[in-house]
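Respectively, the protein sequence lines represent chains A and B. For the numbering used here, count along the first sequence from 1 and bump the result up by 114. For the numbering used here, count along the second sequence from 1 and bump the result up by 114.
Don't read these hints as lab results, they were simulated from the structure. All residues carry an ideal CB built from backbone N, CA and C; glycine is no exception. Incorrect hints may have been included.
[To be verified] Counterexamples of contact, computed for chain A against chain B with all Cβ distances above 12 angstroms:
#: 1; residue: E134
#: 2; residue: E215
#: 3; residue: K274
#: 4; residue: H283
#: 5; residue: S360
[What the hints assert, rightly or not] Straight line, CA to CA, 25 angstroms or less: simulated SDA-like cross-link-like pairs of lysine to any residue:
#: 6; chain 1: A; residue 1: K142; chain 2: B; residue 2: K231
#: 7; chain 1: A; residue 1: K276; chain 2: A; residue 2: Q249
#: 8; chain 1: B; residue 1: K491; chain 2: A; residue 2: S402
#: 9; chain 1: B; residue 1: K231; chain 2: B; residue 2: F119
#: 10; chain 1: B; residue 1: K320; chain 2: A; residue 2: S236
#: 11; chain 1: A; residue 1: K515; chain 2: A; residue 2: E363
#: 12; chain 1: A; residue 1: K276; chain 2: A; residue 2: E288
#: 13; chain 1: A; residue 1: K276; chain 2: B; residue 2: F119
Number of protein chains: 2
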Amino acid sequence: MLTPFRQDTNSLFLTRRLNELGVDVIFKTIVGDRPEHLLCACRTAFSRADIVIFSGGLGPTEDDLTRESVAHTLGLELRRDHEMVAAIYTRAASMRMKVAENNVKQADYILGAQVLKNPRGSAPGQWLETQYEGQKKIIILLPGPPFELEGMFNDHCFEKLKAVVPESHLAFGELKLAMVPESQADLRAAKIYKQYPDIATTILAKPGEVLFHLTARAGTQPEAEHRVEELASRLEEEFADEIFSSGGESLEQIVGYYLQMRSATLAVAESCTGGLLGGRITSISGSSRYFKGGALVYSDELKREFCGVPPLLLKSDGAVSRSVAAALAEGIRQRCKATLGVGITGVAGPTGGTEEKPVGLVFIALSDGKQTEVVEKRFPGGREQVRWYSTQMALEMLRRKLR
Amino acid sequence: MLTPFRQDTNSLFLTRRLNELGVDVIFKTIVGDRPEHLLCACRTAFSRADIVIFSGGLGPTEDDLTRESVAHTLGLELRRDHEMVAAIYTRAASMRMKVAENNVKQADYILGAQVLKNPRGSAPGQWLETQYEGQKKIIILLPGPPFELEGMFNDHCFEKLKAVVPESHLAFGELKLAMVPESQADLRAAKIYKQYPDIATTILAKPGEVLFHLTARAGTQPEAEHRVEELASRLEEEFADEIFSSGGESLEQIVGYYLQMRSATLAVAESCTGGLLGGRITSISGSSRYFKGGALVYSDELKREFCGVPPLLLKSDGAVSRSVAAALAEGIRQRCKATLGVGITGVAGPTGGTEEKPVGLVFIALSDGKQTEVVEKRFPGGREQVRWYSTQMALEMLRRKLR
Numbered sequence: 115m116l117t118p119f120r121q122d123t124n125s126l127f128l129t130r131r132l133n134e135l136g137v138d139v140i141f142k143t144i145v146g147d148r149p150e151h152l153l154c155a156c157r158t159a160f161s162r163a164d165i166v167i168f169s170g171g172l173g174p175t176e177d178d179l180t181r182e183s184v185a186h187t188l189g190l191e192l193r194r195d196h197e198m199v200a201a202i203y204t205r206a207a208s209m210r211m212k213v214a215e216n217n218v219k220q221a222d223y224i225l226g227a228q229v230l231k232n233p234r235g236s237a238p239g240q241w242l243e244t245q246y247e248g249q250k251k252i253i254i255l256l257p258g259p260p261f262e263l264e265g266m267f268n269d270h271c272f273e274k275l276k277a278v279v280p281e282s283h284l285a286f287g288e289l290k291l292a293m294v295p296e297s298q299a300d301l302r303a304a305k306i307y308k309q310y311p312d313i314a315t316t317i318l319a320k321p322g323e324v325l326f327h328l329t330a331r332a333g334t335q336p337e338a339e340h341r342v343e344e345l346a347s348r349l350e351e352e353f354a355d356e357i358f359s360s361g362g363e364s365l366e367q368i369v370g371y372y373l374q375m376r377s378a379t380l381a382v383a384e385s386c387t388g389g390l391l392g393g394r395i396t397s398i399s400g401s402s403r404y405f406k407g408g409a410l411v412y413s414d415e416l417k418r419e420f421c422g423v424p425p426l427l428l429k430s431d432g433a434v435s436r437s438v439a440a441a442l443a444e445g446i447r448q449r450c451k452a453t454l455g456v457g458i459t460g461v462a463g464p465t466g467g468t469e470e471k472p473v474g475l476v477f478i479a480l481s482d483g484k485q486t487e488v489v490e491k492r493f494p495g496g497r498e499q500v501r502w503y504s505t506q507m508a509l510e511m512l513r514r515k516l517r
Numbered sequence: 115m116l117t118p119f120r121q122d123t124n125s126l127f128l129t130r131r132l133n134e135l136g137v138d139v140i141f142k143t144i145v146g147d148r149p150e151h152l153l154c155a156c157r158t159a160f161s162r163a164d165i166v167i168f169s170g171g172l173g174p175t176e177d178d179l180t181r182e183s184v185a186h187t188l189g190l191e192l193r194r195d196h197e198m199v200a201a202i203y204t205r206a207a208s209m210r211m212k213v214a215e216n217n218v219k220q221a222d223y224i225l226g227a228q229v230l231k232n233p234r235g236s237a238p239g240q241w242l243e244t245q246y247e248g249q250k251k252i253i254i255l256l257p258g259p260p261f262e263l264e265g266m267f268n269d270h271c272f273e274k275l276k277a278v279v280p281e282s283h284l285a286f287g288e289l290k291l292a293m294v295p296e297s298q299a300d301l302r303a304a305k306i307y308k309q310y311p312d313i314a315t316t317i318l319a320k321p322g323e324v325l326f327h328l329t330a331r332a333g334t335q336p337e338a339e340h341r342v343e344e345l346a347s348r349l350e351e352e353f354a355d356e357i358f359s360s361g362g363e364s365l366e367q368i369v370g371y372y373l374q375m376r377s378a379t380l381a382v383a384e385s386c387t388g389g390l391l392g393g394r395i396t397s398i399s400g401s402s403r404y405f406k407g408g409a410l411v412y413s414d415e416l417k418r419e420f421c422g423v424p425p426l427l428l429k430s431d432g433a434v435s436r437s438v439a440a441a442l443a444e445g446i447r448q449r450c451k452a453t454l455g456v457g458i459t460g461v462a463g464p465t466g467g468t469e470e471k472p473v474g475l476v477f478i479a480l481s482d483g484k485q486t487e488v489v490e491k492r493f494p495g496g497r498e499q500v501r502w503y504s505t506q507m508a509l510e511m512l513r514r515k516l517r
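Can you build the whole structure from these sequences, using the hints too?
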């Protein structure tokens with residue numbers, strides 16, 4: 115975790131679960147395996163927080179020193195759990211393996227701690243209620259692998275913590291918008307959520323998408339939920355049909371719901387996105403109910419072959435044009451016998467741009483057989499972002515058409 | 115950064131750059147805006163590290179308290195830079211905006227610190243060489259937005275740090291393998307890299323891909339490079355043609371190089387991956403030189419229509435079968451007039467599996483017109499992982515065919 119390679123995701127999981135209990139996270143520290151650094155981290159943590167959760171360092175190697183460091187800082191002894199030692203030997207025997215001397219370290223527990231079983235791995239966890247500098251502390255040791263940590267926290271720690279922390283009533287809300295710039299969304303939302311100072315509002319943005327996360331805390335659960343609903347409905351008034359989801363669904367999920375609801379089917383013809391849109395649509399389980407398929411028409415030849423784009427149109431207007439986007443959408447719709455057809459053509463860059471048709475210029479068309487809507491966009495950013503925005507715009511056009 | 119939503123990426127960037135200078139990162143701490151927590155974090159950091167880098171908390175709001183906390187902990191005064199105050203007012207005037215009282219805080223610097231200009235944003239950084247508890251410390255304050263932090267570190271801090279830290283000679287190496295399980299790769303590599311205890315080896319894995327990262331430190335630069343090369347060539351011997359890249363390239367990039375080298379072209383027919391493979395291939399700039407396009411054949415109808423898969427074959431063997439994968443590969447190759455054709459058909463799940471054709475069963479075919487190779491796989495994991503593995507396998511088959 116102190117290399118440039120690995121992102122810490124355990125703390126995000128733990129923060130989410132702790133927040134659900136009304137517990138705020140006030141410090142996160144990442145520390146290596148050196149004993150003096152571990153002891154320093156323990157002392158600092160115990161002196162400043164009521165609940166301290168460790169992740170990792172519970173394995174059998176010499177570098178796994180979490181147990182030892184916590185025990186030493188608290189002035190508590192380590193005891194060896196003989197049942198667990200037996201289990202380690204039994205397991206090794208069944209696999210015809212020798213038990214390395216270090217391996218039995220995993221059977222050590224801090225005097226007074228409750229051992230937490232780990233059915234997903236070998237290192238057990240520990241739950242300890244103790245005193246440090248005269249203050250009551252809850253100290254939890256969890257294994258490092260996310261799968262083991264999450265399982266152990268959910269199985270053993272969440273309810274135990276709930277029983278000891280002051281009761282708190284929290285409600286959460288989530289609203290998502292597509293193709294609204296973050297700064298604009300923030301500006302429009304700020305005048306509303308500033309009237310709700312008791313509700314914590316977080317704005318998260320990724321290209322072409324903004325998410326408002328609302329957290330209300332109140333004296334009772336209905337009160338907290340009422341507060342969140344109140345702010346959510348004010349935001350829904352402001353953004354009206356720009357909000358595509360208030361239940362955590364992704365844009366591709368929502369488009370899928372609408373297609374099914376209307377018994378409509380979809381086909382796509384992708385030039386510059388080269389499959390990215392199809393890939394997003396088919397990331398949803400059950401998408402075969404409404405997605406027929408389509409064509410990746412990277413070359414002009416295939417634009418003619420798969421979508422029947424007239425060669426003269428390609429010659430007169432160029433492959434990146436309003437008319438070719440429209441021809442792709444209607445052509446693929448007919449060819450796949452779908453209710454709706456989408457066509458995308460553009461310059462994703464970083465090369466291939468001209469003064470007339472610069473990098474980022476993308477035409478996105480949607481045809482229902484009667485009419486074809488074409489949107490012209492000039493997307494910012496590099497190749498990846500231009501391609502992503504293009505698929506996001508196509509999905510948003512589908513949503514608006516179908517809702 | 116103490117919410118469940120945001121991952122810390124600044125520290126990964128800083129760690130990479132610091133490691134390049136031979137500086138180890140020993141602690142990372144994430145702390146909120148409360149003054150008592152900030153002061154505690156400052157004291158702890160100054161007492162345990164020689165170089166302390168802060169990111170964030172330099173803006174104009176009341177919550178931006180990094181400057182104040184650092185100065186207070188060191189017992190140093192804050193001074194206001196009058197030139198900078200003037201610049202703040204000039205900028206506001208040019209935008210016809212009022213200067214909020216808080217705004218001028220950004221012109222405060224810690225006595226003795228050198229102010230670091232921020233052409234990418236409004237909050238300047240600071241570089242301070244000072245003493246804490248009798249020890250020499252370098253304290254660097256950087257803005258929080260990654261774009262500003264990275265620019266400021268690269269422009270102002272990297273060379274200054276290089277001048278003050280002990281000279282160190284480091285060399286790096288990177289080897290990538292596709293479709294080799296991590297545990298197997300680790301086992302085979304471990305017996306080799308254990309003979310090079312002076313070289314730090316990190317193994318990173320994502321589905322269908324393993325990366326070995328090597329870092330050697332030696333007395334001279336050529337010596338460090340020689341050590342990395344030696345271990346790299348030993349690993350190359352062990353893994354031979356399983357290694358697809360030793361220069362950081364992605365698998366889709368490598369496949370693109372090979373296709374161009376052999377003046378070959380490619381077409382794909384995707385069923386369960388629905389565009390994911392085309393999306394990966396076209397993520398590479400210049401892919402239009404070798405990628406013709408293809409078809410998303412989610413329905414049986416389109417497998418016939420776009421790839422000429424015989425209806426009888428679909429009926430007798432089913433859409434998820436060795437023969438249909440082969441027919442897709444050769445059909446799309448012919449249809450797109452490409453040198454090579456890839457066909458993918460499978461059960462991505464989580465629904466749609468049967469006893470005979472379970473979730474995770476995927477057939478991947480590669481045809482060159484003379485012969486068609488088909489691989490049958492049973493991939494583990496959920497829908498996303500099965501689909502990703504399928505595209506990874508297709509790319510790896512292409513690489514092996516072309517190399």
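Here's how the hints hold up against the structure:
1. Not every CB of chain B lies more than 12 angstroms from the CB of E134 of chain A, the least distance being 9 angstroms, so the non-interface label is violated.
2. Every CB of chain B is more than 12 angstroms from the CB of E215 of chain A (nearest about 18 angstroms), matching its label as outside the interface.
3. Listed as a non-interface residue, K274 of chain A keeps its Cβ farther than 12 angstroms from every Cβ of chain B; the least gap is roughly 20 angstroms.
4. Every Cβ of chain B is farther than 12 angstroms from the Cβ of H283 of chain A; the closest lies at roughly 19 angstroms, confirming the non-interface assignment.
5. The beta carbon of S360 of chain A sits about 17 angstroms from the closest Cβ of chain B, which is more than 12 angstroms, so the claim that it is off the interface holds.
6. Proposed proximity of K142 of chain A and K231 of chain B is contradicted: the alpha carbons are some 29 angstroms apart, above 25 angstroms.
7. Between K276 of chain A and Q249 of chain A the alpha-carbon distance is near 19 angstroms, which keeps this suggested pair within the 25 angstroms criterion.
8. Restraint check for K491 of chain B and S402 of chain A: satisfied, since their Cα atoms lie roughly 22 angstroms apart, inside the 25 angstroms limit.
9. Between K231 of chain B and F119 of chain B the alpha-carbon distance is near 30 angstroms, which puts this suggested pair outside the 25 angstroms criterion.
10. Taken as a hint, the K320 of chain B and S236 of chain A pair is honoured in the structure, with Cα atoms around 22 angstroms apart against an allowance of 25 angstroms.
11. Using a Cα cut-off of 25 angstroms, the hinted pair K515 of chain A and E363 of chain A holds, with the two alpha carbons roughly 18 angstroms apart.
12. As the CA atoms of K276 of chain A and E288 of chain A are separated by approximately 24 angstroms, the hinted pair is consistent with the 25 angstroms bound.
13. Of the pairs offered as hints, the one joining K276 of chain A and F119 of chain B holds, with about 22 angstroms between alpha carbons and a cut-off of 25 angstroms not exceeded.
The structure shown violates the earlier hints numbered 1, 6 and 9.
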